[in-house]
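Protein chains in written order, with UniProt numbering: chain A, 1 to 434; chain B, 1 to 434.
Everything labelled a hint here was simulated from the structure, so no lab data went into it. Hints may be right or wrong, so weigh each one.
Identical copies go unnamed one by one, so any copy, or any two together, can satisfy a pair.
Within a straight-line C-alpha distance of at most 25 angstroms, the following computed DSS-like cross-link-like pairs (lysine-lysine) qualify [claimed, not checked]:
hint	residue 1	residue 2
1	Lys261	Lys34
2	Lys361	Lys53
3	Lys296	Lys256
4	Lys296	Lys170
5	Lys296	Lys34
6	Lys34	Lys255
7	Lys359	Lys346
8	Lys256	Lys40
9	Lys346	Lys361
10	Lys256	Lys34
11	Lys40	Lys261
12	Lys54	Lys359
13	Lys196	Lys170
14	Lys346	Lys255
15	Lys53	Lys34
16	Lys40	Lys13
Number of protein chains: 2
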Amino acid sequence: MSQHIEHPDYHHKQLTIGLFGFGVVGEGLYQVLKQTPSLKASIKRVCIKNPEKKRNAPAELFTTDRDELLNDEAINVIVEVIDDADAAFYIVKTALLGGKHVVSASKKMIAEHLTELLQLQQQTGQSFLYEASACASIPVIRNLEEYYDNDLLHSIQAIVNGSTNYILTKMFEEKLSYRDALLQAQQLGFAESNPKLDVEGYDAVNKWNNLLAHAYGIVTSPEKILFTGIQSVQAFDAQVAEERHYVIRLVAQAKKLESGKVAAFVLPQFVQASDHLSFVRNEYNGVVIESGFADKQFFYGKGAGSFPTASAVLSDISALRYDYRYEYKKLYHHTPGELTNDYYLKVYLSFENVEEVPKDKFEWIEEWHAREDRKYLVGVLHVQHLIDSDWWKTNGTSLVLLPNAIIESLDLQKLKKKSLELAGLQLHHGFKQW
Amino acid sequence: MSQHIEHPDYHHKQLTIGLFGFGVVGEGLYQVLKQTPSLKASIKRVCIKNPEKKRNAPAELFTTDRDELLNDEAINVIVEVIDDADAAFYIVKTALLGGKHVVSASKKMIAEHLTELLQLQQQTGQSFLYEASACASIPVIRNLEEYYDNDLLHSIQAIVNGSTNYILTKMFEEKLSYRDALLQAQQLGFAESNPKLDVEGYDAVNKWNNLLAHAYGIVTSPEKILFTGIQSVQAFDAQVAEERHYVIRLVAQAKKLESGKVAAFVLPQFVQASDHLSFVRNEYNGVVIESGFADKQFFYGKGAGSFPTASAVLSDISALRYDYRYEYKKLYHHTPGELTNDYYLKVYLSFENVEEVPKDKFEWIEEWHAREDRKYLVGVLHVQHLIDSDWWKTNGTSLVLLPNAIIESLDLQKLKKKSLELAGLQLHHGFKQW
Ligand SMILES: NC(=O)c1ccc[n+]([C@@H]2O[C@H](COP(=O)([O-])OP(=O)(O)OC[C@H]3O[C@@H](n4cnc5c(N)ncnc54)[C@H](OP(=O)(O)O)[C@@H]3O)[C@@H](O)[C@H]2O)c1
Ligand SMILES: NC(=O)c1ccc[n+]([C@@H]2O[C@H](COP(=O)([O-])OP(=O)(O)OC[C@H]3O[C@@H](n4cnc5c(N)ncnc54)[C@H](OP(=O)(O)O)[C@@H]3O)[C@@H](O)[C@H]2O)c1
Numbered sequence: 001m002s003q004h005i006e007h008p009d010y011h012h013k014q015l016t017i018g019l020f021g022f023g024v025v026g027e028g029l030y031q032v033l034k035q036t037p038s039l040k041a042s043i044k045r046v047c048i049k050n051p052e053k054k055r056n057a058p059a060e061l062f063t064t065d066r067d068e069l070l071n072d073e074a075i076n077v078i079v080e081v082i083d084d085a086d087a088a089f090y091i092v093k094t095a096l097l098g099g100k101h102v103v104s105a106s107k108k109m110i111a112e113h114l115t116e117l118l119q120l121q122q123q124t125g126q127s128f129l130y131e132a133s134a135c136a137s138i139p140v141i142r143n144l145e146e147y148y149d150n151d152l153l154h155s156i157q158a159i160v161n162g163s164t165n166y167i168l169t170k171m172f173e174e175k176l177s178y179r180d181a182l183l184q185a186q187q188l189g190f191a192e193s194n195p196k197l198d199v200e201g202y203d204a205v206n207k208w209n210n211l212l213a214h215a216y217g218i219v220t221s222p223e224k225i226l227f228t229g230i231q232s233v234q235a236f237d238a239q240v241a242e243e244r245h246y247v248i249r250l251v252a253q254a255k256k257l258e259s260g261k262v263a264a265f266v267l268p269q270f271v272q273a274s275d276h277l278s279f280v281r282n283e284y285n286g287v288v289i290e291s292g293f294a295d296k297q298f299f300y301g302k303g304a305g306s307f308p309t310a311s312a313v314l315s316d317i318s319a320l321r322y323d324y325r326y327e328y329k330k331l332y333h334h335t336p337g338e339l340t341n342d343y344y345l346k347v348y349l350s351f352e353n354v355e356e357v358p359k360d361k362f363e364w365i366e367e368w369h370a371r372e373d374r375k376y377l378v379g380v381l382h383v384q385h386l387i388d389s390d391w392w393k394t395n396g397t398s399l400v401l402l403p404n405a406i407i408e409s410l411d412l413q414k415l416k417k418k419s420l421e422l423a424g425l426q427l428h429h430g431f432k433q434w
Numbered sequence: 001m002s003q004h005i006e007h008p009d010y011h012h013k014q015l016t017i018g019l020f021g022f023g024v025v026g027e028g029l030y031q032v033l034k035q036t037p038s039l040k041a042s043i044k045r046v047c048i049k050n051p052e053k054k055r056n057a058p059a060e061l062f063t064t065d066r067d068e069l070l071n072d073e074a075i076n077v078i079v080e081v082i083d084d085a086d087a088a089f090y091i092v093k094t095a096l097l098g099g100k101h102v103v104s105a106s107k108k109m110i111a112e113h114l115t116e117l118l119q120l121q122q123q124t125g126q127s128f129l130y131e132a133s134a135c136a137s138i139p140v141i142r143n144l145e146e147y148y149d150n151d152l153l154h155s156i157q158a159i160v161n162g163s164t165n166y167i168l169t170k171m172f173e174e175k176l177s178y179r180d181a182l183l184q185a186q187q188l189g190f191a192e193s194n195p196k197l198d199v200e201g202y203d204a205v206n207k208w209n210n211l212l213a214h215a216y217g218i219v220t221s222p223e224k225i226l227f228t229g230i231q232s233v234q235a236f237d238a239q240v241a242e243e244r245h246y247v248i249r250l251v252a253q254a255k256k257l258e259s260g261k262v263a264a265f266v267l268p269q270f271v272q273a274s275d276h277l278s279f280v281r282n283e284y285n286g287v288v289i290e291s292g293f294a295d296k297q298f299f300y301g302k303g304a305g306s307f308p309t310a311s312a313v314l315s316d317i318s319a320l321r322y323d324y325r326y327e328y329k330k331l332y333h334h335t336p337g338e339l340t341n342d343y344y345l346k347v348y349l350s351f352e353n354v355e356e357v358p359k360d361k362f363e364w365i366e367e368w369h370a371r372e373d374r375k376y377l378v379g380v381l382h383v384q385h386l387i388d389s390d391w392w393k394t395n396g397t398s399l400v401l402l403p404n405a406i407i408e409s410l411d412l413q414k415l416k417k418k419s420l421e422l423a424g425l426q427l428h429h430g431f432k433q434w
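Here chain A stands alone, though its shape is the one from the complex (with noise of 0.2 angstroms):
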């Protein structure tokens, strides 16, 4: 019976898509494609870099000629999922003034061009969309807009990265090495064409500067975040966390402040066996919601790989059957929200030696702990002196979070006094150095 009802707007915009790559995420849209006929949705036409490479494909849907994508009237949708940023910013702002929808999987390039394309879209009045480019396969980005559009976001911690996320896991469940781990995420097709990025968390802050825009609608750009990846996370720190029944996963975070302003970073931290993102193993990813009234949520899913990946723009493709846009509601509806950098952050940190580490700049130290191997402390330091600094990052130190690490205010006479019980306690630990 339900068959025969119809509905009063029913309408199946034919999309024809241009496409540009074919690495990853652009094969395993071509895949998913052929096997999801009633979307509607063809591709006409592929551009590439190489024109030599052997492609699964057709060769007469090849061209390295973007002219051929981006002039073809018959093309109403563009699909941007290539390595390169720059050469992704052209073709999107290309496709958006010359009337295409666009979808797009390039967290760098967005996050670069953020301000410039949020113009585009208003100028041209065009869809440009990305929920790949966040956290692959989980619909974050739709859920912040559609979902959380009032003023009652708390909290967001999240690993956004699908590749250190695989790497730590395997390091520390299975004890493989660095190296081994990441050629193994490589392999698998989760990592970034270029290590650095994923490593080092250049992807992680890149995605953590889109969302922002439709958490709290702020808009800013990936220098004006703290971050870090996990290239310094040491054996020994995972031994620590092992002590202390905490795993380590590098978590962004974006926290509303008693003072209204957010906080917001990237950073390796310890979480507790009871925190959802301890569910969070391999490849996947994982965003924890906290809101007023709601309590926590907590989204899961693969946030990396082909076909995950390629599913999430499949969506997003879908979406445009029925002309979504983004909404930004946060940024242009509401009053949008601000960072700061005026907190504190709980940290651990583990050294070699010594001298690297500058004392005077912590507001308070609560634990001294001096191995064979290594030495390590807890306390707790400035926000705007990890930003101007990067001693913590360099010369064989890591830093890891404490759970629960952001402090919003210091009662600086109750810690001091702390402190310095502390600094006489310390010559009973090893460090008679200081």
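We have chain A already, so just place chain B with the ligands on it with the hints.
Then chain B with the ligands, alone, in the frame of chain A:
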């Protein structure tokens, strides 16, 4: 700088709400709205049943005359959160026909009138939103509508009833008695006014009925879906679960079979520790969506309670500012799915009295256990038999599905042989009387 961007189609529709019900959810919404002034939504009038009850809100807000809300031209949104399904349907129908948008949390009313409600939406063009009626704070309807709108949805498994999950958690983790656990759930505001609705699975199957429309475009009715609750689950079953490293959950599921048709039911199930649903404790709900290419996705959040439910109502209200409607894409824009009962389930069955168990109805019995206090078996039953009979949930018999319980087709020759071998074995295991 972002503050200066003006969105081209900026609009803030003023919402004037007529609220029906001021119980757990209604009063929650009243509180939540007071704390979200940016929404520009205000409650003009509240209709309740009992004029004598003390209310935490100005007396002049309240009335017992529904027409004062339904006939008020200034009210453009009706929020219906009462616990009387018949009255609720009248209210929703009258409001839609009267040109008002409606937000509701009444899964029972929606399940009972789904076809009419679909027709009313088409006829009137008004929005009818009911996210809170599914998994309270988890935006599952919205995600099924917006994100999985292609034909790649393999399966959904979900914990959709917060009360039963709370009771199961308290009984099995804290060894509370069933009565005490239920009492706690009621005091905390999770339980339906009539506990039978929760405990016997009616609430879960109502929700499942409604979600099937958004997931697969299936419009059916709860009587056609195989279901039970947790009323028969025994401490003994929990003990067996523990021995096998399982937990017991009331799981609602739907799966596309190889035939293309959909199996759907709500039954208690043994859940493995590695399963996402084992993560879901207390009054939380969880949804695992398995789709082609994207692998498994997991959504988790509070599934009941005053504020979590009110916050889902709030999100629906907020969506009305942008004239959001469900499109029921899988029903109207695709070939809708079709339910089937032609498959088998692998079940655990515990019982006191072996005579109550019609062993000839089993396709296959693979384990027998007779303990001093109680007996159990593991075997395979055809679903149609479970639908047509009720011995498996009466007379102290308790049925719990095994993990991956669905069996699409059986190699009967092989199984018969196995069954006969087991029939021999059973004599050694205390089933001499059979
Ligand atoms: N892999 C993932 O799991 C994943 C997940 C989320 C997002 N992403 C994003 O998706 C994008 C693509 O990633 P990928 O992993 O698919 O990269 P990839 O495997 O390295 O493929 C890159 C593709 O881009 C093409 N290309 C590069 N420059 C071009 C240009 N100027 N014009 C036309 N084609 C050009 C390459 O052409 P040739 O084939 O001729 O070399 C290749 O086909 C990136 O932005 C990445 O950040 C990837
Ligand atoms: N509680 C939850 O966690 C939860 C979660 C999801 C969905 N829901 C759904 O939300 C709805 C409300 O649940 P609840 O827990 O808030 O129930 P509740 O606490 O029992 O409150 C019911 C309210 O409805 C009013 N009412 C009953 N019949 C009425 C009528 N004919 N006209 C006007 N008002 C009437 C009652 O009035 P009086 O105050 O005068 O008695 C009372 O205020 C139900 O459909 C339920 O299934 C509840």
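Worksheet item: Going back to the hint list, which numbers does this structure go against?
Response: Hint check: 2, 12 fail, others pass.
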